[in-house]
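K.L.:
Below, each chain spelled out in residue letters.
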Amino acid sequence: MAAAALTTNEIIRRDRRFGWAMTAPGLAALMLVVTGPLLLTIGVSTCDYSLLNPGCAGFVGIDNYRSAFEQAYFPESILVTVKFVVAVVAIEFLIGFTVALMLNAVTRFKNIYYPILLMPLLINPVVVAQIWRMFLHPELGIVNYLIGLAGVPKVNWLGDAGIAFWTVVMVDIWHQVSFMIILLLAGLSALPKEPYEAARMDGASTLQSFFHITLPLMRPVIAVTLLIRLIFAIKTFDLIFIMTRGGPGTATDLISYFIYRSAFYGLDIGQASAISVILLLVVLALTAWLYRYMRSLA
Amino acid sequence: MKRLLLATALALGFATSAQAQTVHILMETVPDTDYIKALLPEFKAETGIDVEIEAISYIDMHSKLVPQLTSPAGGYEAIVVDFYWVAEFTKAGWLMPLDDLIKRDNVDTSVYLPSLMNLVGKVNGTTYMLPFYNYSMGIIYRQDLLNDPKEQAAFKAKYGMDLKVPTTWDEYRKQVEFFSRDTDGDGKIDFFGTINQGQRGDCICMQWSNYLYANGGQYHDANWKATFNSDAGVKAINDFKDDIAKHGPTGAESFCFDEASAVFAQGKAYSFVTFNVLFAGFNDPANSQVVGKAGISANPGGGLNGGWGWAIPNSSQDKESAWKFIKWVESKETIKKRTLAGGAPTQAWVFDDPDVVAKRPEMGHLKTLVATAQEFPTFSYTVQMVEALGRELNLAVTGQKDPKEALDAAAEEFNKLAKKDGLQK
Chain L
177 MAAAALTTNE IIRRDRRFGW AMTAPGLAAL MLVVTGPLLL TIGVSTCDYS
227 LLNPGCAGFV GIDNYRSAFE QAYFPESILV TVKFVVAVVA IEFLIGFTVA
277 LMLNAVTRFK NIYYPILLMP LLINPVVVAQ IWRMFLHPEL GIVNYLIGLA
327 GVPKVNWLGD AGIAFWTVVM VDIWHQVSFM IILLLAGLSA LPKEPYEAAR
377 MDGASTLQSF FHITLPLMRP VIAVTLLIRL IFAIKTFDLI FIMTRGGPGT
427 ATDLISYFIY RSAFYGLDIG QASAISVILL LVVLALTAWL YRYMRSLA
Chain S
304 MKRLLLATAL ALGFATSAQA QTVHILMETV PDTDYIKALL PEFKAETGID
354 VEIEAISYID MHSKLVPQLT SPAGGYEAIV VDFYWVAEFT KAGWLMPLDD
404 LIKRDNVDTS VYLPSLMNLV GKVNGTTYML PFYNYSMGII YRQDLLNDPK
454 EQAAFKAKYG MDLKVPTTWD EYRKQVEFFS RDTDGDGKID FFGTINQGQR
504 GDCICMQWSN YLYANGGQYH DANWKATFNS DAGVKAINDF KDDIAKHGPT
554 GAESFCFDEA SAVFAQGKAY SFVTFNVLFA GFNDPANSQV VGKAGISANP
604 GGGLNGGWGW AIPNSSQDKE SAWKFIKWVE SKETIKKRTL AGGAPTQAWV
654 FDDPDVVAKR PEMGHLKTLV ATAQEFPTFS YTVQMVEALG RELNLAVTGQ
704 KDPKEALDAA AEEFNKLAKK DGLQK
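Chains as they are written, first to last, in my numbering: chain L, 177 to 474; chain S, 304 to 728.
The shape of chain L in the complex, shown without the other chains (with noise of 0.2 Å):
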């Protein structure tokens, strides 16, 4: 038994080592992959650097990030995302844990309805926005014809600078609530009974056991739902690629597609990748400030 005559120390050692060794493969993958492209991303942004003739054609320095926001409608497209991330994120999570506190309820029949809601999320985003464009066609589309069956007029879901957003918006959530669901469900469903029953025992109300229970318990499970679903909901892009192109107008041009376009319309990489930089600093200012006040909750 030689392990019984090592110190403390010793094993603590042995288990930072171990530590080390297995998550080293990891790391370094992740250096490869995550690190490299964003070095050379941010190198890029202060190079003038066209498809054209690709390679750094000369150090620009912040140039590219002060001609970012004199670019036409790239305040517009700000907005929208902003609009988008907010509404999406809000909506979904309301609708998202609903539906996840009435399912907890529920502990029959959950191998029919986990895979049932599974369902949209498994869908390429791409299928998903072809798949709709075709049901909200106005005129040949299923989802005129059954409003038309109850007497509403044809709706022009995409084409109305007014309606676009929220046709976007609705399908976003179709494609992305059962995300929150999931999660918020695996969230309730590990909670400890005790408090409930003791609760009970004192005469709680529910909705007093939701405020005063559910509520602050599951709030750190809240806090990293909402951030994984606002880091990908700034991200959208294939949505608005494949159903509106940004129109009608600028109504639902996202900041992802105003980056696509400068690369690969525009054939400006240094410009493309001073804003994907812009980008990653507000995502990770979320991040940093979602992160202290889960710290500050536990």
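Keep in mind that the hints were calculated from the coordinates and are not lab data. Heads up, the beta-carbon is just placed ideally off N, CA and C, and yes, glycines get one too. Among these hints, one or two may not hold up.
Claimed, not checked - Selected chain S positions facing chain L (in silico; Cβ < 7 Å):
1. THR373
2. SER374
3. ALA395
4. GLN502
5. ARG503
6. ALA548
7. PRO552
8. GLY554
9. GLU562
10. VAL566
11. GLU690
12. LEU698
What the hints assert, rightly or not - Per the computed footprint, the stretches of chain L lying under chain S, defined by three or more beta-carbons under 8 Å from a beta-carbon of chain S, are:
13. 278 to 290
14. 303 to 316
15. 437 to 447
What the hints assert, rightly or not - Listed below are the simulated DSSO-like cross-link pairs for lysine-lysine, each with C-alpha atoms no more than 27 Å apart in a straight line:
16. LYS330/L / LYS549/S
17. LYS491/S / LYS330/L
18. LYS571/S / LYS330/L
19. LYS411/L / LYS367/S
20. LYS544/S / LYS330/L
21. LYS704/S / LYS259/L
22. LYS330/L / LYS704/S
23. LYS635/S / LYS425/S
Assemble chain S onto chain L, guided by the hints.
P.N.:
Below, chain S without anything else, positioned relative to chain L:
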């Protein structure tokens, strides 16, 4: 172990030598690609060269091509080039000039329609491509309605002119108005005179160009200064808006050609201005309710020209085999077979070939359509210009911006790009 190594080496050796005899081409998933795929066994039998066509959708092509073109050992021996990319690809020096090969093998390039040779063949006097297929735009309409004596009489009574294949924009717009009808009496039009392709981006740019040309407008002057923000441009936007509001289906400001052609294929419209390559699809009973009823004609004032060219990239690993393939695919025999199958050729003679005309009576109209088509401004920043113009047009058409203001904004961006490319002095 030794044997295994030897076997591996041999296998690798064979693999590389087999590679040398394979021509890889990236192509778009369009009917003409399928027609060529079907003919490939003939090329293999003739030359022993394998051709592997990788067909993907248009939106992914550019981003997939560029890394292969910039690499010293590209994965494609031959490529197809959309007219959008011609200036970019030639300016970047990615395409191999074909003039020496053309001269060496006595290839006759005078067989091509000049409008297409200019678009996807020659650049500043050097031949970089052989024109492959055209997707020039024109008017697809319901021939059965146009030839209906009752409709003809009613049209004559209303407008004092004959109902026939339109030769002026005014005449076409009268027909559009005439055929826009409320068939179920609910006060809303449900049979459409025309269908717009108004989605932001290239969809609206392409279709609106026809409206611009039809109103006598042009994109730029000889010095590459924007001229499309003229009265003709404003009139073109107003016609476009008018058509969406009064003569077209709900939501046409978000349509691309697929949504628009679905409406036409369902028999719900008289006509629309679109790509001629869609025409063959309307005679396919699997996808169309209007089989045998559609006709096609040139857009009055000329439609928008569009096309693809065959090219050999400088990064090609086997230029000789690629050239052999291009010569074969553009040979008279192959062209005729492809056209009989429904293809959209670029060589002039095939439009008049008796066998082809017997099977496809629309060939005469198609020839005029392609020959009179006008060129979209092609320069290094075409794609970016399409984005800017597409955005402004869509803003104007959806009522978010005044037409003149929108065109002025697009013209300003056009001028900036033309200067950046050294075209505007």
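K.L.:
Determine for every hint whether it applies to the structure shown.
P.N.:
Here is how each hint holds up against the structure:
no. : hint                : in the structure
1   : THR373              : holds, 5 Å
2   : SER374              : violated, 10 Å
3   : ALA395              : holds, 5 Å
4   : GLN502              : holds, 6 Å
5   : ARG503              : holds, 3 Å
6   : ALA548              : violated, 11 Å
7   : PRO552              : holds, 4 Å
8   : GLY554              : holds, 3 Å
9   : GLU562              : holds, 6 Å
10  : VAL566              : holds, 6 Å
11  : GLU690              : holds, 5 Å
12  : LEU698              : holds, 4 Å
13  : 278 to 290          : violated (count 0)
14  : 303 to 316          : holds (count 5)
15  : 437 to 447          : holds (count 5)
16  : LYS330/L / LYS549/S : holds, 15 Å
17  : LYS491/S / LYS330/L : holds, 11 Å
18  : LYS571/S / LYS330/L : holds, 16 Å
19  : LYS411/L / LYS367/S : holds, 22 Å
20  : LYS544/S / LYS330/L : holds, 19 Å
21  : LYS704/S / LYS259/L : holds, 22 Å
22  : LYS330/L / LYS704/S : holds, 24 Å
23  : LYS635/S / LYS425/S : holds, 20 Å
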